[in-house]
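Please take these sequences and the hints and turn them into a complete structure.
In the working numbering, the protein residues as written are 17 to 222.
Hints listed in this document are in silico derivations from the structure and should not be mistaken for laboratory results.
Be aware that one or more of the hints could be misleading.
As the list claims (entries may be wrong) - Using 27 Å as the maximum straight-line C-alpha spacing, the simulated BS3-like pairs for lysine-lysine come out as follows: (1) K124 x K198; (2) K111 x K205; (3) K220 x K202; (4) K111 x K220; (5) K220 x K124; (6) K104 x K134; (7) K198 x K96; (8) K220 x K134; (9) K111 x K96; (10) K220 x K205; (11) K96 x K205; (12) K111 x K202; (13) K202 x K104; (14) K124 x K134; (15) K134 x K96; (16) K111 x K164; (17) K198 x K220; (18) K205 x K104; (19) K202 x K124; (20) K210 x K220.
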Amino acid sequence: MQIGTLCIGVILLSCGAPSPAVYPSSPSDNLTAVISATDNRTTAPHVSDNSAVRLSPPSIAASGQIGFQIGDTAPDFTLKTPDGRDIKLSDYIGKNVLLHFWDIGCPKCVEEMPHIQKVWEAHRAADDLVVLAVNLGGSAEGVETFMKSYGYTFPALLDSDRVVNRLYDEPCCPGTYLIDAKGIIKSVKTGAFKDTAEIEEALKSL
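Structure follows, in structure tokens:
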């Protein structure tokens, strides 16, 4: 019984359970203190009527994984950027999209971000890939401070109430969906990409 309880605890911790924030030492040594002061998290999320629209029901894979799978139509949503702009997923029909779910307090998310930035920069000139990084539960000020401190230039979106997170039935953080120009999910990644090369390999599915 004790072993079973321990295993359950490990699984919960690996799938986005709250943990102390860990940040790389650069570019800002005091970033942890800055984020702690500015990032007010939502403790009791509620569903907003207009933030997201489910376009198709989630499927259940043979493995038992709940969530949208390869071949499903990506559900549409509208979220705000930290500076108040509205971003709608369906506005990017005609372009490939890397839809990424992350959390400032998730160490694996923070480690993965430089790889996503490199991929964004590599594809930006060709304009053949859109990166949308959906932050879970963070405040506008906290997310903006984080992005600017690290020099990340891809769009960050605020899912403060975790509405889109629930819409996609995303169980773990980080998690990534690769969506083709027709709005079809072509790849699903649960957990962090280990490096830029792994992301580029996944992009071949688009």
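Hint numbers the structure violates, sorted upward?
1
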